[in-house]
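Chemist: So the chains spell out like this:
Number of protein chains: 6
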Amino acid sequence: MLTDSRSALECPAMSSPISRFPAPRLENLPEDVRARILAVQEKSGFVPNVCLVLAHRPEEFRAFFAYHDALMEKEGGLTKAEREMIVVATSGANQCSYCVVAHGAILRIRAKDPLLADQVAVNYRKADIPPREKAMLDFAMKVAVASHALEDADLEALRRHGFTDEDAWDIAAIAAFFALSNRMANFTAMRPNDEFYLMGRVPKQP
Amino acid sequence: MLTDSRSALECPAMSSPISRFPAPRLENLPEDVRARILAVQEKSGFVPNVCLVLAHRPEEFRAFFAYHDALMEKEGGLTKAEREMIVVATSGANQCSYCVVAHGAILRIRAKDPLLADQVAVNYRKADIPPREKAMLDFAMKVAVASHALEDADLEALRRHGFTDEDAWDIAAIAAFFALSNRMANFTAMRPNDEFYLMGRVPKQP
Amino acid sequence: MLTDSRSALECPAMSSPISRFPAPRLENLPEDVRARILAVQEKSGFVPNVCLVLAHRPEEFRAFFAYHDALMEKEGGLTKAEREMIVVATSGANQCSYCVVAHGAILRIRAKDPLLADQVAVNYRKADIPPREKAMLDFAMKVAVASHALEDADLEALRRHGFTDEDAWDIAAIAAFFALSNRMANFTAMRPNDEFYLMGRVPKQP
Amino acid sequence: MLTDSRSALECPAMSSPISRFPAPRLENLPEDVRARILAVQEKSGFVPNVCLVLAHRPEEFRAFFAYHDALMEKEGGLTKAEREMIVVATSGANQCSYCVVAHGAILRIRAKDPLLADQVAVNYRKADIPPREKAMLDFAMKVAVASHALEDADLEALRRHGFTDEDAWDIAAIAAFFALSNRMANFTAMRPNDEFYLMGRVPKQP
Amino acid sequence: MLTDSRSALECPAMSSPISRFPAPRLENLPEDVRARILAVQEKSGFVPNVCLVLAHRPEEFRAFFAYHDALMEKEGGLTKAEREMIVVATSGANQCSYCVVAHGAILRIRAKDPLLADQVAVNYRKADIPPREKAMLDFAMKVAVASHALEDADLEALRRHGFTDEDAWDIAAIAAFFALSNRMANFTAMRPNDEFYLMGRVPKQP
Amino acid sequence: MLTDSRSALECPAMSSPISRFPAPRLENLPEDVRARILAVQEKSGFVPNVCLVLAHRPEEFRAFFAYHDALMEKEGGLTKAEREMIVVATSGANQCSYCVVAHGAILRIRAKDPLLADQVAVNYRKADIPPREKAMLDFAMKVAVASHALEDADLEALRRHGFTDEDAWDIAAIAAFFALSNRMANFTAMRPNDEFYLMGRVPKQP
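Protein chains in written order, with the numbering used here: chain A, 1 to 206; chain B, 1 to 206; chain C, 1 to 206; chain D, 1 to 206; chain E, 1 to 206; chain F, 1 to 206.
Please note that the accuracy of each hint is not assured.
Which copy is meant is left open, because identical chains are indistinguishable; a pair holds if it fits in one copy or across any two.
Listed below are the simulated EDC-like cross-link pairs for lysine to aspartate or glutamate, each with C-alpha atoms no more than 20 Å apart in a straight line [said to hold, decoys possible]:
id, residue 1, residue 2
1, Lys43, Asp128
2, Lys80, Asp194
3, Lys80, Glu60
4, Lys134, Glu151
5, Lys80, Glu59
6, Lys112, Asp167
7, Lys43, Asp194
FYI, nobody ran anything at the bench for these hints, they're computed from the structure.
Build out the structure end to end from the sequences listed, making use of the hints.
Modeler: Set out below in C-alpha cells:
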C-alpha cells in the first residue's frame, strides 16, 4: 500500500488538504457519523476522504449516505459493477476527479477487471462492454447532461436491451445522485485518497 | 383554488398522469412516508406531486427529504427566499418544469413578491435583485452547469459580497441537490400540481 | 390590478427603469407612433414597455410592429395561441425575460389556459400539448438555435403532422422575428410591465 | 459578369432554385414591391435573391426592408462599412451562406478593400481591423450568440473605444436584425446570386 | 495580381506581419527546406505564408509537409477537389482564416468552380454539391468536432454513398491533419497571402 | 506483466481488435517502418498499438512519428513530463482512450509519480501541479478546444509564468499534434495495449 491509511485518517491534511474546508476530527463527530466512518475504515483499510469532507455537516452526511446506500447497495436488475460503471462514466463527463478515481477503484474490484474503469472514464463508447451496457450508459449520460430532453424513446431503447422500467429508475437515480455528488466534490475540491489509484489493478498474490 | 386538492391526492392520475411511473396509493406506503405526506397536505392544502412520485421508492424518498430539509429548512446566513432563488434559477437552467413551477410558488411566498420567481427562472441577470444576490446566483449557476471549473476566485467573489464560506457551502449544496432533483423530475416527467401556478401571485384579501 | 397603468405610462421609470435607454415622452413622439401606443393602451389598459422602449427610434418602431402584426395578427393555418407558443418557447431558450412574461400572458389569454405558458417557457417537451404542437415547437426551436442545420427532413416532419409549407414559413418567421425581438429586449434590458405577470391566471368573476 | 442578370430575374430557378419556396413572378407582385425590386435591379444590375424570396409574402417583405433600411442606410456614428462588418461577422457565426456572400460583397465595396470580408466572415479576431472595430464586433457577436448575458460592462467596453450609447443601439440592432435575416435565409435555403461572389474583388480598370 | 509576390517573399512582414513569430530569412534555412519553398514559389508564383511561418522549426516543417503531401497529393478514391472541400469545411468550423482562404483558392482551381469554396466554408449543407459529397463532409465534420462519438454507423453511412473504408481513412485523416494545421495557424496568427483571395475566381482570358 | 507482449505483437487481434482496420503483418511492412516498430518493442517490451494501426499507411506513419519525435523528444524549456501532461489533459478533453491510457503511462514514468496522470486526465485544475503548470495546461486546452479565440493575452499569461515564446510554440504544437492524433485514434477505434494501464503505478522492487 502506498500510504499508511491510519495516518491518513488522523492527519488528513498532512501534505495536500483533502478539501477546501477543514476536515473534522473524528472525536468531535456525532456518534453515528463516527461509527459509520470507523466501519468503512474497518472494511476498506482507510477512510475515504468523501466521508471526512462531508462529515463537516452531519445532517447532510446522513442523508447523502442513506441515499447512496439505497442506490448502490440494493438488490435489483443491475449488477453492482454496472452501477459503478454509471458512476464512472457520468463523473468523467462532469470532470469530477474524486468520483472517477474512487469509483474507478470500486468498479475494478466489482467487475474483477483491471482495465474497464479507465476505459469507461475516458470514453465508454470504446470500452470493452456489450451493447446492453452501452445502452445503459447512453441513457445515464443523457440523464447527466441533457435530462430536459429525455423522452419515451429513451426508455424504449432501454427496454429493447432487456431493462425494466425499475432498472431505468435505478440508472437515472444513480446518474442523478452523482450529479449531486460530483458537484459537491468539485465545490469542495475533494481529494481522492492515494489508496484508490492502485486498487484492483494488480491481481492478488496466491 | 383551481382544483380540489383532496381529489388530487386520491386520484392523482385522473387527467394527466403525474409521472411516467404509477403513483403509489397512500394506504400502501410505509407509515413514516405516509405520515410525512399527510403532514405536507395538512400544511399546504394539497400533496405536492414530488411526494407521491418519489414515494414509489420509500428508502430514496426518506433520503431525499432528509437532504432537502437539511438544506432548505435550516438556519444560516441565507434567507429562505434566497435558498428558493437558487432552486428556481438552477432549475430554469436545467429546464425542469416541476421545480421551476413548485419552487417558483414557494419563492413568491417566502419573498412576499409576486414577480420575482418568473424573473429569476428566465434570466436572473435581469431580475430585481441586489448585487449580493446576483453574485450568489452567479456562483450557484457555475455549480449547476460547470462545477469542474470552480476555483478559489469564485469563492473570493462571494466573500466580497459578505458571504462566509459556510454560506458558500449552502449555495453549492442547494445547487447540487437540485441537480439531482431536476434530473429525477425530468426522468419521471414529474408534473407540477395545478395549485402551484397561482400561489403567491394574488395578494390576500383583508 | 397590481399597478395603476396610467401612472405607469406617464412615469415609466418611477421605480425600476424600463430600459437601459431613456423612455421617450409620449408628447414628443411622431403622431403615428403615439397613436399606435394610445390604441394599445386603450385595448390593454396599459402600455407595454416594448412600445415605449422601441419608440426611442420611430423608424425602427414602425418596421418592428409592421413585421409583428404581419406574423402575429394574420389569418392562416396556425391558431393565435399556437403563434404565442412559438414566441414563449423560443424566448425561453433565449432567456428573454420581457418576451416570456409578456407573451406568456397573451398565450394564457389566447389559449384560455392558465398553466400552459409556464410549461412552454420552461420545457415545452413536458407541456400539456398534443404531438402536432410538439412538432411545431421542435421546428421552431431548431430555427431559433440551429437554423444552419435545417434540412428537408425538418419540413417533412412538419408535413407528417398536417402542417403545410405556408405553415412552416409562419413557424420559422415567428421564431426568426423573436430572435430579433429577444436580442433587442436583452440589449435594452427591457423590463416586463408588472401587469403581465397575473394576466390570464385568474378566471374572470361572473 | 458571370451570369446574365436579366435572365436571372426572369428565370430565377433555371439551374438551382433560389429558395425552398417558389419565387413569385414580378408581374404578380403588388406595385410597391415590384417597384422596389426594379429599383434595386436598376442600381445593382441584378435582383438579389433575397428580394424575390421574401416577396412571396408582400407584407413581411415591406416590413423587412423598412427595418433593413432604417438600420443600414441611416446616418450615424458607424460607417456603412462598419455596419456591413457586423452583418458579415454575425452571419458567419450563424452559418448563413446568403448573408455572408451578399453582404461580403457590399462590405468589399463600402470598405474599398477586397480582402476584409473574407477575413471577417471566418474569424474577425484575425481581421485587419483596428481595436475599435474589434470591440464593435465583440459586442455584436455577444448580441448574436449570448444576448442573455449582456451586461453594463459590455456597453462600458464600447464607450472606452469612443462609441456612444446610440452607436451601441446601432450595433445591437444590426446584429439582432440579421439574427432574423439569417434564420429566414437558412429556413428558405436562400441561394446567393452568382454575381455577389466576385463583386469588389477586382479593381476597376481605368 | 494584387501584390508583387517576389517582394512578398523577400519582405514578408512589410505591412502586416505574417505570424506572431518572426519569419525566417530564406538564406538561413536548411537547404532542403529552402529548396521546397523555392519549388512552391516556382509553381505558384509566390510563397504561401504557411511555408515561411512553419520554417521557423525545420524539423516540424519537414514532418508537416510530408504528412500534407501523403494526404493531399496521393492517388485514391477521393478527387483532389473533394480533399480540398474537406479542408475548407473543417477549417471553417475551426475558424481558421489562413486555411479557409488558402485552401478555398485551391478548391476553386481544382474544382474549376469559382463559387464552391465560399459555399463550403460558410455552410456546406447549402453548397452546390451532390449527396455523396454532403455525406463525405458530414463525416469529416464529425471527425473535426466530435470524434469521440464516431461509431460504426458513421462508416456505414459513407459506404451507402459508395465510399470504401480506405476512402473513410482519407476523409478522417485529412480532417485530423487540418485539426492540427488550423490550431497552428490560429496559434501563430498566420496571415493568408493576399494572392489567395482572388485565385480561381476570374476565368482565364483567352 | 498482465499479458505476454510477444503474443500481443504476433496476434494483435486475438481477443479484441486493435483497430477498425486490419493490423498489418510485420513482415509485410517496409523495412524502415518495421525497424522502427522493432526498436520500440526492444525498448518497451511490447509494440504500442498506435504503431501497428498507423503502419497501415507507411507514408503517413513516417510523417506522424517524425512529427511526434520533433515535439516530444526534443530538448527545450519544457520537461518531458510537462509535454506528457499536455498530451494527457488535451486527450482527456477529446475523449481519446488510447492517448489518455498510453500517454498516462508515459507521464507516470517521466514524472515518477503514480497519481498525476489520472488527475490530469480527469480535471487538471484539481491536479497536484504548481501554478506554472496550470497556466501551461490552460493554454494547451485553449489550443485544443477554442484555438480561434487565442489572443495576445494568452501568450502574455504564459510569459508571466516564465515561459518563453518558444515554449509557447512547444505547448501549442503538442496540443495541435494530439488534436490530429486523438482524431485518428477515435476514428480507427484504436485500442490501448493492456500493458499501459499498470505502467508506472507500482514502485520497482529492490
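Chemist: For each hint, tell me whether it holds in the structure or not.
Modeler: How the hints compare with the structure:
1. Lys43 x Asp128: Classified as neither: same-chain Cα gap 30 Å, cross-chain 28 Å, threshold 20 Å.
2. Lys80 x Asp194: neither (23 Å within a copy, 24 Å between copies)
3. Lys80 x Glu60: For Lys80 and Glu60, only the inter-copy Cα distance (18 Å) is at most 20 Å; the intra-copy one is 25 Å.
4. Lys134 x Glu151: Intra 18 Å, inter 12 Å, cutoff 20 Å: intra and inter.
5. Lys80 x Glu59: The answer is between: 18 Å across copies meets 20 Å, while 27 Å in one copy does not.
6. Lys112 x Asp167: Neither: 22 Å inside a copy, 40 Å across copies.
7. Lys43 x Asp194: Within. Shortest intra-copy distance 17 Å satisfies the 20 Å Cα cut-off; inter-copy 30 Å does not.
Violated hints, in rising order: 1, 2 and 6; the structure is consistent with all others.
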